[in-house]
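**Student:** Sequence:
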Amino acid sequence: MQTALSKNRVFRFAPSPNGLLHLGHALSAILNHDLAAACGGRFLLRMEDIDPARSRPEFEAAIYRDLAWLGLDWEKPVRRQSEHLAFYGAALERLKAMGVLYPGFLSRGEVRARVLAQEAAGGVWPRDPDGAPLYPTEERSLDRDRALGWIAAGRQHAWRLDMEKALALVPEALSWSEAGEGPEGETGTVAARPERWGDVILSRPDAPASYHLAVVLDDAAQGITDVVRGQDLFHATAVHRLLQSLLGLPAPSYRHHGLVPGPDGRKLSKSNEDTGLTAYRERGVSPAGIRALLAGYGFVLH
Numbered sequence: 001m002q003t004a005l006s007k008n009r010v011f012r013f014a015p016s017p018n019g020l021l022h023l024g025h026a027l028s029a030i031l032n033h034d035l036a037a038a039c040g041g042r043f044l045l046r047m048e049d050i051d052p053a054r055s056r057p058e059f060e061a062a063i064y065r066d067l068a069w070l071g072l073d074w075e076k077p078v079r080r081q082s083e084h085l086a087f088y089g090a091a092l093e094r095l096k097a098m099g100v101l102y103p104g105f106l107s108r109g110e111v112r113a114r115v116l117a118q119e120a121a122g123g124v125w126p127r128d129p130d131g132a133p134l135y136p137t138e139e140r141s142l143d144r145d146r147a148l149g150w151i152a153a154g155r156q157h158a159w160r161l162d163m164e165k166a167l168a169l170v171p172e173a174l175s176w177s178e179a180g181e182g183p184e185g186e187t188g189t190v191a192a193r194p195e196r197w198g199d200v201i202l203s204r205p206d207a208p209a210s211y212h213l214a215v216v217l218d219d220a221a222q223g224i225t226d227v228v229r230g231q232d233l234f235h236a237t238a239v240h241r242l243l244q245s246l247l248g249l250p251a252p253s254y255r256h257h258g259l260v261p262g263p264d265g266r267k268l269s270k271s272n273e274d275t276g277l278t279a280y281r282e283r284g285v286s287p288a289g290i291r292a293l294l295a296g297y298g299f300v301l302h
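Numbering (UniProt numbering) for the sequence shown: 1 to 302.
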């Protein structure tokens, strides 16, 4: 029996229109759609097109076509991140005013050179849960006037979260409610450890809001109650919980699902065109056949 509470649950599928959808996207979209239908909730679609260099209208059109072919329906209009840049900018200014952001001027090449030099000398450079090296922290204390002068002169920079200052503003230990499971079987109440990510980027010149910042703002703006997504984003939830706390945003319930393996056993990529939904459709596979393929990998669909 559906309750008034269950009918207020809101799910979303939020792809980036920078390539064609593959089986992994189909899994996430179907799970969100079916879970919403099972509880009489709502299913929303969001285009995470904040990166203009990679987002293309033909890929957005293909996403609509593939989801409709799967038999999914979603509420209109679709939220497009590119239409809400001022919204993200306002949140960024709030964080600047809180003193938890600083401009980072080191390029990827400069950071890579430091890492290689330290590791070549036998040292260990700290890395985030995805294995990427953490950004050096000395710019946290960079003279403000000097930094602003460099920015005014056009020097490339990204706004980074001072993890130490941000955590100092959080009144209590962070956690989230996990209805699925993490890569190591984590479920239930999961302790968030955002410090493992170091000083993450929240804005850069080619993208006014990073994924971390935009996703928590969008989820709050759309009233998302249940975030259902792949395990590759499980650890990133710690950063999202920190930003939610800093900005006074509600925390959804999270449900991370396993990943569909590619032909090489690794996570699927949009570059694996042979596993794209368009390729399956052109080979005569039906929407029911897609569900059967996913069930064959052990995923329980509703």
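It is worth saying that the hints were derived from the structure and are not from the lab.
For clarity, every value in this text was computed on a predicted model and none was experimentally measured.
Incorrect hints may have been included.
[Unchecked claim] Label pairs and their in silico Cβ distance ranges: (1) Asn-8 x Ala-121: 34 to 40 Å; (2) Asn-8 x Asp-206: 52 to 58 Å; (3) Glu-119 x Leu-167: 46 to 52 Å; (4) Pro-171 x Thr-137: 36 to 42 Å; (5) Trp-69 x Leu-148: 47 to 53 Å; (6) Leu-116 x Glu-75: 44 to 50 Å; (7) Gly-296 x Pro-136: 25 to 31 Å; (8) Asp-128 x Pro-171: 20 to 26 Å; (9) Arg-283 x Gly-123: 18 to 24 Å; (10) Ala-295 x Ala-86: 18 to 24 Å; (11) Asn-8 x Gln-156: 19 to 25 Å.
Idealized CB from N, CA, C, for every residue including glycine.
**Student:** Evaluate each hint against the coordinates.
**Tutor:** Quick rundown of the hints versus the structure:
no.	hint	result
1	Asn-8 x Ala-121: 34 to 40 Å	violated, 56 Å
2	Asn-8 x Asp-206: 52 to 58 Å	violated, 37 Å
3	Glu-119 x Leu-167: 46 to 52 Å	violated, 27 Å
4	Pro-171 x Thr-137: 36 to 42 Å	violated, 24 Å
5	Trp-69 x Leu-148: 47 to 53 Å	holds, 51 Å
6	Leu-116 x Glu-75: 44 to 50 Å	holds, 49 Å
7	Gly-296 x Pro-136: 25 to 31 Å	violated, 46 Å
8	Asp-128 x Pro-171: 20 to 26 Å	holds, 25 Å
9	Arg-283 x Gly-123: 18 to 24 Å	violated, 51 Å
10	Ala-295 x Ala-86: 18 to 24 Å	violated, 43 Å
11	Asn-8 x Gln-156: 19 to 25 Å	violated, 44 Å
In summary, the numbered hints that this structure violates are 1, 2, 3, 4, 7, 9, 10, 11.
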